[in-house]
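Chemist: If you're matching them up, the sequences are chains A and B in order.
Using the working numbering, you'd call the opening residue of the first sequence number 199 and step up by one each time.
Using the working numbering, you'd call the opening residue of the second sequence number 28 and step up by one each time.
In short, the hints are calculated from the structure, not lab data.
We treat Cβ as the ideally placed atom computed from N, Cα and C, and that holds for glycine.
Any given hint might turn out to be false.
Within a straight-line C-alpha distance of at most 25 Å, the following computed PhoX-like cross-link-like pairs (lysine-lysine) qualify [unchecked claim]:
(1) K257(A) / K53(B)
(2) K260(A) / K540(B)
(3) K323(A) / K201(B)
(4) K260(A) / K555(B)
(5) K174(B) / K206(A)
(6) K415(A) / K48(B)
(7) K257(A) / K49(B)
(8) K43(B) / K415(A)
(9) K49(B) / K415(A)
(10) K260(A) / K549(B)
(11) K206(A) / K625(A)
(12) K331(A) / K43(B)
(13) K331(A) / K555(B)
(14) K415(A) / K174(B)
(15) K540(B) / K323(A)
(16) K415(A) / K555(B)
(17) K320(A) / K174(B)
(18) K43(B) / K320(A)
(19) K260(A) / K490(B)
To spell it out: a stretch of chain A is covered by chain B in this simulated footprint if at least three of its residues, at any positions, have a beta carbon under 8 Å from a beta carbon of chain B; those stretches are [as the list claims (entries may be wrong)]:
(20) 287-299
(21) 311-317
(22) 383-396
(23) 409-423
(24) 465-473
(25) 619-633
Here are the chains, one letter per residue:
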Amino acid sequence: MLLRHTPKEITERSALVINPAKTCQPIGAMYAALGIHGCLPHSHGSQGCCAYHRSALTKHYKEPISAATSSFTEGASVFGGQANLLQAIENIFTVYEPEVIAVHTTCLSETIGDDIKQIRDKAEKSGVVPGGKHVIYCNTPSYIGSHVTGFSNMVKGMTEIAESTGRKNGKVNVIPGWVEPSDMEELKRLAVLMNVPITLFPDTSGVLNGPLSGEFKMFPEGGVTMKELREAGDALGTLALGEWCSADAARSLDTRCKVPCRVLDMPFGLKATDRFVDALRTIAGTSVPEEITRERGQLVDMISDSHQYFYQKKVALFGDPDQLISMTEFLVSIDMWPMHLVTGTPGKKFEKRINELTAHLPYEVNVQAGGDMFLLHQWIKNEPVDLLMGNTYGKYIARDEDLPFLRWGFPILDRVGHQYFPTVGYKGGLRLLEKILSLLLDRKDRDDSETVFELTL
Amino acid sequence: MAIANKPTQWTPAEVKEEMLKKYPPKVARKRASSILINEALGNTTPEIQANVRTIPGIITMRGCTYAGCKGVIMGPTRDIVNLVHGPIGCSFYAWLTRRNQTDAGENGENYMTYCFSTDMQDSDIIFGGEKKLKAAIQEAYDLFHPKGIAVFATCPVGLIGDDIHAVAKEMKEKFGDCNVFAFSCEGYKGVSQSAGHHIANNQVFKHLVGQNDGAKPGEYKINLLGEYNIGGDGFEIDRILKACGITGISTFSGNSTYDQFASAHKADLSCVMCHRSINYVADMLETKYGIPWIKVNFIGAEATAKSLRKIGQYFGDKDLIDRIEAVIKEEMPAVKAALGDVLPRTQGKTAMLFVGGSRAHHYMELFGELGMKTVSTGYEFGHRDDYEGRHVIPTLKVDADSRNIEEIEVEADPERFAPRKTEEEMQALTDAGFEFKDYKGLIPDMDQGTLVIDDLNQYEAEKLVELIKPDLFCAGIKEKYSIQKLGIPLKQLHSYDYGGPYAGFKGAVNFYKEIDRLVNSKVWGYMKAPWQENPELSATYVWE
């Protein structure tokens, strides 16, 4: 047993987190910034933060992750990091020539109180920012929120580029939230099918799922451009996918540029995708093409074909609030039973949404925001499940408890596919169901006795 | 087209100039001192700048002091609860991310699969985190009753002034049966992971070493220092040592336990693998307990044989020496057979190694066995003595960054100090050419005209590959894919790309096969589609 010290009996913990279901804000800001074309993320702190974030993102995507750091020393920690950041900005524009540097803070620079806006303004005044280039920033103290809120803060930082000319440009802003590059590609494909011009930001497709061709481009073709971000202020409206990841940015655009917004759940599963497609159609005033309706029908078909295997199967999940809310709705919609849910990201709203989505089920769901995987494991020991879903760290629980395990979330360190195959939209729903079904049926084939082992399922 | 493997047209001086050309003048000046063209200078080793600050904004390979302390040194110890005091990220990123294998058996204690954090919130930053730390230590104790709880400070802890050592002491006294100790390894200290190794080792020496005076049975007792059991390296070394009849008292810190550290003073010889991370522990063990130390290297089959013979020579016992020779004789045929198979495909190829504080040197052995030339190399967090040899240690300047890293003063233990050999015996060994506490560094093993580069960064790596076009580049995960995008394979020498072991005899065989696979993989020939190779349509297709 790899988690041999985890007792079944649950005791109250007030100070000790064991096996977290979250990490810290800066990595979210770094991931979001990679979704801007020509952007070099910059971590204002000691160099370990940047090294850890780059390592985690590199392992998840198996792609180069370029990001710089202020490389704080003890001196900078005492006297402030202004000199380090100014020097970094000069060096970055000279050596790497990005279009934009996206600075995020760390617990170190926040604790000593560095004022990034003031340093940025100083950099611009002193001429180290070349003409036409930009430095954007957001605050991401690691002792507040989680990687999810860090992502949200950087996306909000992007909206500060937006300008309103007073003339609408006919486009719709779509803020996808922390999803994979493949998911972002899928959202763009759906918009093209519906003939709706969108600005998707951030957009890591084409950045973190690049080809191998004998060339290294620190700044690949993909990503939302600074021009598109500027023009986001003239959009017809904004669809923000996910309350935790995307709503703050959408509301900021509304406040600053009077771009109306709607906050939707992330389009994982049938119903959330229905709402997304319907909202996009309504905002843009277009009709939904037959192709999308057909994809929807295929998803419904697969649910119907395999319903007997999903029915009342118990699931434990851990991950991030926006994803878990949509996934819970999806599981419930196919008559699976989400039993235990944990997110490390704080916010009681999460528990409320999960309770609403599962209110009609004949059992009480275990749900905790600000929880950890140690607790989740204990819940599973007390009430076993048929399937576990979450990031790669779940494999230790899955092995100990002998559970089928679906890798879904961040980080995935031991499997590939998330870069290339979406789980959003109807097509993504098909992929999720196929994966769930394969896991359940592989398990059935493994466990069935020779007498009842079946050819056809 | 992928970068063609042809000899470079660039001289080392031109390569260096190209690497520096784009930098702002201040950066270029600073980097110039860290890029050394290896040239003979009479009998002296050329001097390189190392262990200095990374330049802000320059994309470095380096990590932080916390990573060196918690991740590298303490990470592999399975029966200590490693509690990180800070915001959640630091503990999360050090959770199972280094490949330290451990064998706890069916029922042994093993906390390495767990991640413990105080998950500091803004209220803790404002009002102080000591209360929360105390509560977390208590909760860990109540849940697990471990032998030891180690507390690690992250950046904000030092800034807000939490006294983690006082908290640790208080809790240790309260429990009575659990050793609680702390590490002031805030990420901003020092200039790289190296400072963290030092902080970790000092505390291990102060709080753990010498705690268990119980007898340790066995012959030829050694400590293996600076071996972290990445990918099972330590297991392979243990297998060989066991076959030779050598008893491992402790390993710092691969597959280690609390008791191994506590008993380290019972060994009769310390063998240092990774010079960078641990040479001072070897010194302290000698000063305090009288245990001599030697440099060994178990990376490379020949190097392994040489290191075993060195251990044999130290103990000077014919039985042992015979057994060592028998083991070498038994192991070598498989090694030679594997090498004979791959050599025709690896001979003459070139490699670059930019990793660690010792690995960049150790792995040159294996590449040498493969007939491959190391054309450029350097450390991520090495010091000048790792490059130039230990003779430079007295001349090393103490700067603002190293001054803040604690140096502990050690003196002979009044009860436990015991010379392992008489002065005459030691002198006789030295006269016979035996080298105690010596390490000559990496530079003397590099060819004339090769480039030795400290703290290589992303930009310089890309330039090196572009200009020199090696067949293989060795570094870490952050570097892997940008180099491979250029069509050059990268071998991770921190994590071994999830393979290994590469130490010892079996490890050498694994490495030969792996390098053969990498440098001869067909994939590097697939970079361009047929229509990109021949874009002109010369004729239309004739349908039969």
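Chemist: For every hint, state whether the structure bears it out.
Modeler: Hints, one by one, checked against the model:
no.	hint	result
1	K257(A) / K53(B)	34 Å, violated
2	K260(A) / K540(B)	23 Å, holds
3	K323(A) / K201(B)	57 Å, violated
4	K260(A) / K555(B)	20 Å, holds
5	K174(B) / K206(A)	22 Å, holds
6	K415(A) / K48(B)	20 Å, holds
7	K257(A) / K49(B)	30 Å, violated
8	K43(B) / K415(A)	22 Å, holds
9	K49(B) / K415(A)	17 Å, holds
10	K260(A) / K549(B)	19 Å, holds
11	K206(A) / K625(A)	39 Å, violated
12	K331(A) / K43(B)	30 Å, violated
13	K331(A) / K555(B)	33 Å, violated
14	K415(A) / K174(B)	50 Å, violated
15	K540(B) / K323(A)	57 Å, violated
16	K415(A) / K555(B)	16 Å, holds
17	K320(A) / K174(B)	53 Å, violated
18	K43(B) / K320(A)	34 Å, violated
19	K260(A) / K490(B)	22 Å, holds
20	287-299	holds (count 7)
21	311-317	violated (count 0)
22	383-396	violated (count 0)
23	409-423	holds (count 7)
24	465-473	violated (count 0)
25	619-633	violated (count 0)
Violated hints, in rising order: 1, 3, 7, 11, 12, 13, 14, 15, 17, 18, 21, 22, 24, 25; the structure is consistent with all others.
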